[in-house]
Each structure stands twice: as structure tokens, then as C-alpha cells.
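Chains as they are written, first to last, in the working numbering: chain A, 1 to 88; chain B, 1001 to 1131.
It should be emphasised that the hints constitute simulated quantities derived from the structure, not laboratory data.
Ideal Cβ placement from N, Cα and C applies to all residues, glycine included.
The reader is advised that the hints may include incorrect statements.
Unchecked claim - Some chain B residues close to chain A (C-beta under 10 Å, calculated; not the full set):
1) Gly1019
2) Ile1021
3) Tyr1111
To be verified - List time: in silico PhoX-like cross-link candidates among lysine-lysine, alpha-carbon distance up to 25 Å:
4) A/Lys38 <-> B/Lys1120
5) A/Lys38 <-> A/Lys69
6) B/Lys1071 <-> B/Lys1120
7) B/Lys1071 <-> A/Lys38
8) B/Lys1036 <-> A/Lys69
9) B/Lys1036 <-> B/Lys1025
To be verified - Restraint-style ranges between C-beta atoms, simulated for each label pair:
10) A/Val43 <-> B/Glu1050: 39 to 49 Å
11) B/Thr1076 <-> A/Ile42: 40 to 50 Å
12) B/Glu1079 <-> A/Leu73: 36 to 46 Å
13) B/Gln1065 <-> A/Ile55: 38 to 48 Å
14) A/His78 <-> B/Trp1014: 31 to 41 Å
15) B/Glu1017 <-> A/Ala31: 10 to 20 Å
16) A/Asp36 <-> B/Glu1081: 15 to 25 Å
17) A/Ile55 <-> B/Ser1061: 20 to 30 Å
18) B/Thr1076 <-> A/Gly70: 20 to 30 Å
19) A/Ser18 <-> B/Asn1013: 44 to 54 Å
Residues per chain, in single letters:
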Amino acid sequence: MSRSDEETEEQQVWRVLSEAGLVEIRLDEFAERIRDVKRIVIVRLRELLDFNSGIQERESAAHSLGTLKGLELKVLAHAPKPPDPSEM
Amino acid sequence: MKSTAKQLRTEANWPPEEGQIISFKSSTGSETTILKEVRWGLVWRDFILEDGRVIPEHRISGCPQPQVWRKINEVTDHEREECEERLLSMAGAGMDPRRRDQSFWAELNQYLAYTYLRFKQAEYKVRDAER
């Protein structure tokens, strides 16, 4: 029996999200997590384009990608700047 | 403390009602406060406190296990699009998601979790179909 057979759906969701670091995102990891999720969306979008299928899902994935990109830019703009080495 | 507030005592009453006193884990330890509202996000329930902080259900004391999650296909396109608009609007207004337990932090957490599950699950389904 595989691990996924033993788990309830709820436990599986918890594990998947925990492993991806997405249950409670650490404050200094938002940009990284947004990039991770973007990668997942891009993979899916490529699949949909390769198979020329799922027009609605394709549009939706492209829209989500745009949202993530916009959020990434804003989050990066507010990211605390690392200390200037010349001032250390 | 409000005299009308009711003390939450058992899991049988889950989720607690507005006005009940709840305990939760915060960054500084355990806190007790009054619940203003319980609201479903895209994936899990958020507990809105009287002071405006937003606490995910799993951090509330007495949360039954396993936690209840929303199925991805329960979220409508309209709901997702509204969430995306809100997030972009909050980001555009200069809100910082690194302010823990605030609405932008809470909503961005849920959106990323939802988007990950949505497209990751689709990937699994394609692989299963190919086997």
C-alpha cells in the first residue's frame, strides 16, 4: 500500500502544502514561494499548449501566471534591502 | 473582555461562533481573544479576530484534526478572479505581505496554496491518464 493510499484526502492536502512550504509562508520567503508556484503554472501551461487542449484552462493558467508575476514584482519591490557591504 | 463573549469549550461546537473567546498560537506564544468572524478562503478557513488579525484555522486551539479543506473544484472562476483582483489591489496599494496575520498575508498564503494545488493536481491527473 502506498503512502497516498493510507492517507485521507485531508492529510494528503496538508502534506503536499507543507512539503511545498505553503501552509504558512515564512515572512522572508514570499518571493521564493511565488516563484515556485509560477513554475508549477508554467509547466501546466506548457502541457496545455503542447497538446493544444483545454482552452479555458489555458486562459485561466495564463491569467494566474500574470497575477503571480504582478505579485512577485510588488513583493520584490517591498523586500528589505540587504546591508550594503561598503557600510559594514 | 466582553461580558457577552462565550467561552469555547468543546470541539463539538466547531467552528466557534462570532463573539466566542478563542485561543490561538501567535508569533509570541499563545493568545486568547474574541472571534469576530469565520470565513472560508480558497483552501482553508480563516478566523478574523476583533483587532482585525486573520488567523488560519490550524492555529486555533481545539481545531479538529484532520483539518477540513475546500476542494479545488469548489472554488468558482468568479471567486478566484475576485481574489486575484483583491491581491493585486492590495499589492498596488503598497501593502506588505510580510506583515504576519494581516489580510494581505492571509489572502496571499491561501492564493498560493490554492494555485499550487490546482495546477499540481492537474499535473498528477495527466500523468495518471498517461499510465
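Violated constraints from the hint list, given by number and in increasing order: 1, 2, 8, 11, 12, 15, 17, 19
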